[in-house]
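So the sequences go chain by chain: W and H.
Per this note's numbering, the very first residue in the first sequence carries number 4; after that it's consecutive.
Per this note's numbering, the very first residue in the second sequence carries number 82; after that it's consecutive.
Be aware that one or more of the hints could be misleading.
[Stated by the list, open to error] Just so you have them, the derived chain W footprint on chain H, three or more residues with Cβ under 8 Å:
1. 119–133
2. 162–172
[Stated by the list, open to error] Take a look, some chain W residues computed to stay more than 10 Å from chain H by CB distance:
3. L28
4. F224
5. N236
6. A256
[To be verified] Label-pair ranges, simulated between beta-carbon atoms:
7. W:F170 x H:D187: 44 to 54 Å
8. W:L222 x H:R194: 27 to 37 Å
9. H:P168 x W:T63: 24 to 34 Å
10. W:G167 x H:P168: 24 to 34 Å
11. H:A244 x W:G37: 44 to 54 Å
12. W:P30 x H:R377: 48 to 58 Å
13. W:M4 x H:P168: 33 to 43 Å
Honestly, the hints are just simulated from the structure, not real lab data.
Bear in mind that the values here come from a model prediction, so they are computed numbers and not experimental data.
Yeah, the Cβ is synthetic: ideal placement off N, Cα and C, and Gly gets one too.
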Amino acid sequence: MEFEKTTPSSRLKSMLNVDFKRLVLSPITYIMAGACLVIPILMLVMTQMMDGMVSVDPQTGMETVMKGFESAFQALSQTTEASKTMDMSITGMCNINMIYFIMAVFVCVFISSEFRSGYAKNLFTNRAKKTEYVVSKTIVCTLTCMAYVLIFFIGILIGGKIAGLPFDLMGASVMQAIMCLITKVALCMVFVPIFIVACVFAKQRTWLSIIMSLCIGMLFFTMIPIISPLDTNILNLIMSIVGGGGIAIGLGAVSNLILKKTNII
Amino acid sequence: MNAIEIRGLNKSFGEKKALSEFNMTVPVGSIYGFIGENGSGKSTTEKIICGLIKHNGGSIKLFDRDYLDDDVKAKIGVLIESPGCFPNMSVWNNLMLQASNLDIKDKKGEVKRVLSLVRMEGSASNKYKNCSLGMKQRVGIAMALLGNPKLLVLDEPINGLDADGMRIMREVLLDLSKSGITILISSHILGELEKIATHYGIIRGGKMLIEMTDSELSKSCRTFIKLKANNQDTKMVLLQKYSEIKVDENDYIRVYDREECENIVTYLYENGILVSEIKEDKISLEEFYIDLMEERVNNGI
């Protein structure tokens, strides 16, 4: 009996086709994009509203003055100098770096829904190689998460404008700020494969994949402000791109191995 | 050539053995009725064939090739447990997604074709989660039929279908079989299976008990004479002469001993009993299956 010959590239193409179609048809894509746009706007506007307010600790009587953002770009990142001190204020904690948590939720919901709905049965019945699945998921989720970083940045610009904040680079050059943004975009190549490993391990258990993603991701979240300060240099950028690519390939192989060695359903 | 050839397949879930030295032969173009109790290993076998779970030994060949061959796998249609559809997507989008997965050139045309095959043209825009159980099963079949598969693996496809749905499904499967597609179908509704299957395999405790063709089954099925009479004592009277008498669920008395209808009528007449209805019949697949299972239980197998 004759069978049509399929090639790895044709199979990858069809897998990418499926994933991009799903991306367009899934509500989670738009919910997360909306969150990425709204969160920075709310963050900048609300902290600005609280700027200068004094809160009093009822037990110690100690007064704390709430500090708002000094520049809209603070929500993108701090400069290397400012990063040296552990800033636990709301302006120090609320910035674009929180987007990697949003990414974790997106990737986990996007992938686990395939296992929950049983669609994974169709996918894996018709394709023996798990590599195409992992590669396709990595490409689609990474590109989407990169878009989320850019949407978040647009949110910062809009929020800064609404809050009336200055767009001061705080000593960094425009080129460094652009490299900072590109580095944050490139860091998606580090985080998305981590989340994918958690997803293929947890399969239909979305809750487990999210917990795993956040726990494993937590180990790496702290490196984000160090690698991508507002005054990022070219070395950081190259390191994040090359390192991100390497990690994506390495973790892709891990995901592939998990799928090969475990039952799909 | 065989569409499926399994030899010495083993599968364990922890300590529990799901399949043990399991063999199966499904000829090309056949409708293979795969029968067994709950937990006997039917779904496990089907999942292994589709590459969804790993086995612990044995060989599986599909169309004389390794069962994990990419070219062969691209030509398998599957409906295992439930159709793999996204609940919030429409039936149309779910099918289009699978058409993309199979890299079908004319996706829209193909989706329309399979929807018409399962008589669901009018429900394409419905959200999958809003479909009735029967409609969902039909969507699952439609999905399995995309891209003209050479092998269909269907696990309980007629569960939850109404009488009309079953008839449609029967017609669809028979049409597909005529076009040369091999169908492996497991079901507990043996009456329906009997109407379409050309081959049977009965599994018990992870082992294939028996494999046979439709005609072999027909020969194996015992014949009997069933009758109705106007007397309460008919059974007692018959038991005085014949050894194996049973009353079925429709109150017919069955005589399994080899005997002519005329002789039974005469015998009963001589004992003052008038027979109102009498005919020769054969036990159904369901009865054959139950007899086989009882025999195995009695023999401690």
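Verification of the hints:
no., hint, verdict
1, 119–133, "holds (count 4)"
2, 162–172, "holds (count 9)"
3, L28, "violated (6 Å)"
4, F224, "holds (31 Å)"
5, N236, "holds (43 Å)"
6, A256, "holds (19 Å)"
7, W:F170 x H:D187: 44 to 54 Å, "holds (52 Å)"
8, W:L222 x H:R194: 27 to 37 Å, "violated (51 Å)"
9, H:P168 x W:T63: 24 to 34 Å, "violated (53 Å)"
10, W:G167 x H:P168: 24 to 34 Å, "violated (45 Å)"
11, H:A244 x W:G37: 44 to 54 Å, "holds (47 Å)"
12, W:P30 x H:R377: 48 to 58 Å, "holds (52 Å)"
13, W:M4 x H:P168: 33 to 43 Å, "holds (36 Å)"
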